[in-house]
Amino acid sequence: MKQKPHLRWVEFAIESLIRVIGFSTVGFVILIFLFLLREGLPAFAQIDLGNLFGTRWYPTFGLFGTLPLILGSVLITISAIVIALPLGVATAMFIREVAPNWAREILKPMIEVLAGIPSVVLGFFGMTLVAPIVRETFGAPTGLVAFTGALILAYMSLPTIISVAEDALDAVPKMYRDAGLAMGATQWQTIWRVVVPAARSGIVTAVMLGMGRAIGETMAVMMVTGNAARMPLGLDALFRPVRTMTATVAAEMGEVAHGSVHYHVLFAIGIILFVITFFINLAAASTMFRKRRRGGLR
Amino acid sequence: MARMLRIVAAIGLGAWVALALARCGAPQPVGGTEPPPAVSIQQKGSDTVVNLALAWAEEYMRLHPEVRISVTGGGSGTGIAALINGTVDIANASREMKPEEIAEAQKNGYTPHEHIVAWDAIAVVVHPSNPVDGLTLQQVSDIYTGKITNWRQVGGEDRPIVLLSRESNSGTYVYFLEHVVRLGDPKSDALFSPDTLLMPSSEGISAEVRQNPNAIGYDGLGYVTPDQKTLAIARDANGPFVLPSAETVNNGTYPIARPLYMYTVGEPSPHVRAYLDWVLGDGQRLVAGVGFVPLKQSPTGGSAAP
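Each protein sequence line maps, in turn, to chains Y and G.
Counted from 1, the first sequence has number 176 at position 176 by this note's numbering; the numbering is strictly sequential.
Counted from 1, the second sequence has number 84 at position 84 by this note's numbering; the numbering is strictly sequential.
Calculated directly from the structure, the hints in this document are not laboratory data.
Where a beta carbon is used, it is the ideal one built from N, C-alpha and C, also for glycine.
A few of these clues could be false.
Stated by the list, open to error - Over the 10 angstroms line for every Cβ pair with chain Y, so calculated as not near, a few chain G residues: (1) Q42; (2) A57; (3) H64; (4) G77; (5) E96; (6) T111; (7) I116; (8) R159; (9) D185; (10) P200; (11) N250; (12) P268; (13) Q284.
Unchecked claim - Restraint ranges, calculated between C-beta atoms of paired labels, are given here: (14) Y:L41 <-> G:S188: 27 to 37 angstroms; (15) Y:P118 <-> G:E66: 34 to 44 angstroms; (16) Y:P118 <-> G:T87: 26 to 36 angstroms; (17) G:D227 <-> Y:E112: 33 to 43 angstroms; (18) Y:R56 <-> G:F241: 51 to 61 angstroms; (19) Y:I30 <-> G:R152: 54 to 64 angstroms; (20) Y:L129 <-> G:A237: 18 to 28 angstroms; (21) G:V39 <-> Y:R38: 31 to 41 angstroms; (22) Y:Y58 <-> G:L280: 32 to 42 angstroms; (23) G:P226 <-> Y:L107: 42 to 52 angstroms; (24) Y:D170 <-> G:D227: 47 to 57 angstroms; (25) G:E157 <-> Y:W102: 25 to 35 angstroms; (26) Y:I21 <-> G:P226: 50 to 60 angstroms; (27) G:T87 <-> Y:R38: 16 to 26 angstroms.
Stated by the list, open to error - Examples of chain G residues lying across from chain Y (beta carbon under 8 angstroms, computed): (28) G75; (29) E100; (30) G156; (31) E157; (32) P160; (33) V162; (34) S168; (35) D195; (36) T196; (37) A207.
Working from the sequences, and respecting the hints, build out all of it.
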């Protein structure tokens, strides 16, 4: 095809524009991380590590122990995944392997709607409806506890887990199922012994992404976990209030004096959170990468 | 390709022309009865003061249509930070400015001015089914530091106590810590128990108090709804147990009351000046209706606990 010279120039301009936009995403991530480092690193110099990783968080009185906050986030994230994993994988199995076509057509959009519910709505729901039920059912002194947070977070990470796990099941070739059934296995045996193991790495990715979603969630968690910065140790920790890293930053960043020690510590919490989510996402990406190399199979 | 570009250009030009037309068409009031607001006053700060400030702002704007006042909450610390950064004209606060905040303001070239605009009683609230009617200040302090952990220890049922507090950016939190948890002793280093639930809003506290028979909370009297039970407070074990009200704050018998502030920086503009004068004068008659105590009959002995 013959092109006029000025058209080639336009083509070039548009292509470079798109390239700049594409690379700017990476640039922004790097800039955000540099900003976090610039604002957060002074905290490690200003207060000694014994205080920073201590067990008492009273930021207005110079006690910056972030350990209860880190453990609080870890506790509710892991509990949320323990609740969400069986539910999510079972739902994905049902949608992909068992449900008739018409049911699948209804279920999939419904799950997308689930993902679109604003977290503040879920937080309000948790505070007024789930919390009293948790208090009465489990005999906890209050319903605003880690377990309520874990329930809400499980609910919020379900859409991610279901849709990624469902894609993983979908990627298993049809001949695996045919072979399973031909060997005389029942449908359940085929799903559980053949299809799910074949999609294992995709399911691990689903869990990792769900975890990334859960640990970064702020609003709903702040509304239902009670925000008491106590060490979540002991058997009853799940039924006691906790304070997470995200809720701490959200609740305190608004009032903190710019440039104070407290301000830098909140950014240091941001760094810790960033590093944790980075490694979770890295783990998710690496299992996804391995899966692609092995053609969806192990 | 070239044609597409031309179409895009045409659409862009069309949109621009339409916008330009719309712009010169819209806001040209021709000598109507109500002139457009000439002055605007920005107010931000304490969630305790916000309802009162809104009542004042609405009434003042009705009397002076040329003035536009916008009021937002967020906590005393938030409002003071905004004042220091020069983004608002008035900061509402339910606590005094801290020395470091004053220093920060002076570093930015502002001198803060303090105006006490009303008084507030802090009510201690429990679930309506709780049989406890009154507590001494010492008991409230022991409950919030975690020395008393069961309602039985203060004459109630055998239930664990769930402590509710506002977040640490709240002026109410600071006042309650200094005057109730520490009993007004500046040398005390008592802190809220680590088991205290920090709620991000007044609504968070009332929602939990309403539905949890174990809970105890505190909040400005203006925020206490009828479905919570307000406790009578005594200064010491012999003293009378007094319920908070405008009257008991006025005559100084209710021990947990504090002044509410508006802060301005530098020399306030004439409009802000006029507004503050009105607030301190005529505006005081709106105070009682919002659940606070007006200035004119302010308690003489100060607000602190004994």
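Now the hints, each set against the structure:
no.	hint	in the structure
1	Q42	17 angstroms, holds
2	A57	22 angstroms, holds
3	H64	31 angstroms, holds
4	G77	3 angstroms, violated
5	E96	15 angstroms, holds
6	T111	18 angstroms, holds
7	I116	21 angstroms, holds
8	R159	8 angstroms, violated
9	D185	15 angstroms, holds
10	P200	6 angstroms, violated
11	N250	31 angstroms, holds
12	P268	23 angstroms, holds
13	Q284	29 angstroms, holds
14	Y:L41 <-> G:S188: 27 to 37 angstroms	35 angstroms, holds
15	Y:P118 <-> G:E66: 34 to 44 angstroms	39 angstroms, holds
16	Y:P118 <-> G:T87: 26 to 36 angstroms	27 angstroms, holds
17	G:D227 <-> Y:E112: 33 to 43 angstroms	39 angstroms, holds
18	Y:R56 <-> G:F241: 51 to 61 angstroms	34 angstroms, violated
19	Y:I30 <-> G:R152: 54 to 64 angstroms	58 angstroms, holds
20	Y:L129 <-> G:A237: 18 to 28 angstroms	41 angstroms, violated
21	G:V39 <-> Y:R38: 31 to 41 angstroms	39 angstroms, holds
22	Y:Y58 <-> G:L280: 32 to 42 angstroms	36 angstroms, holds
23	G:P226 <-> Y:L107: 42 to 52 angstroms	45 angstroms, holds
24	Y:D170 <-> G:D227: 47 to 57 angstroms	52 angstroms, holds
25	G:E157 <-> Y:W102: 25 to 35 angstroms	55 angstroms, violated
26	Y:I21 <-> G:P226: 50 to 60 angstroms	57 angstroms, holds
27	G:T87 <-> Y:R38: 16 to 26 angstroms	23 angstroms, holds
28	G75	5 angstroms, holds
29	E100	7 angstroms, holds
30	G156	14 angstroms, violated
31	E157	13 angstroms, violated
32	P160	4 angstroms, holds
33	V162	4 angstroms, holds
34	S168	5 angstroms, holds
35	D195	5 angstroms, holds
36	T196	6 angstroms, holds
37	A207	6 angstroms, holds
Hints 4, 8, 10, 18, 20, 25, 30, 31 from the list above are not met by this structure, while the remaining hints are.
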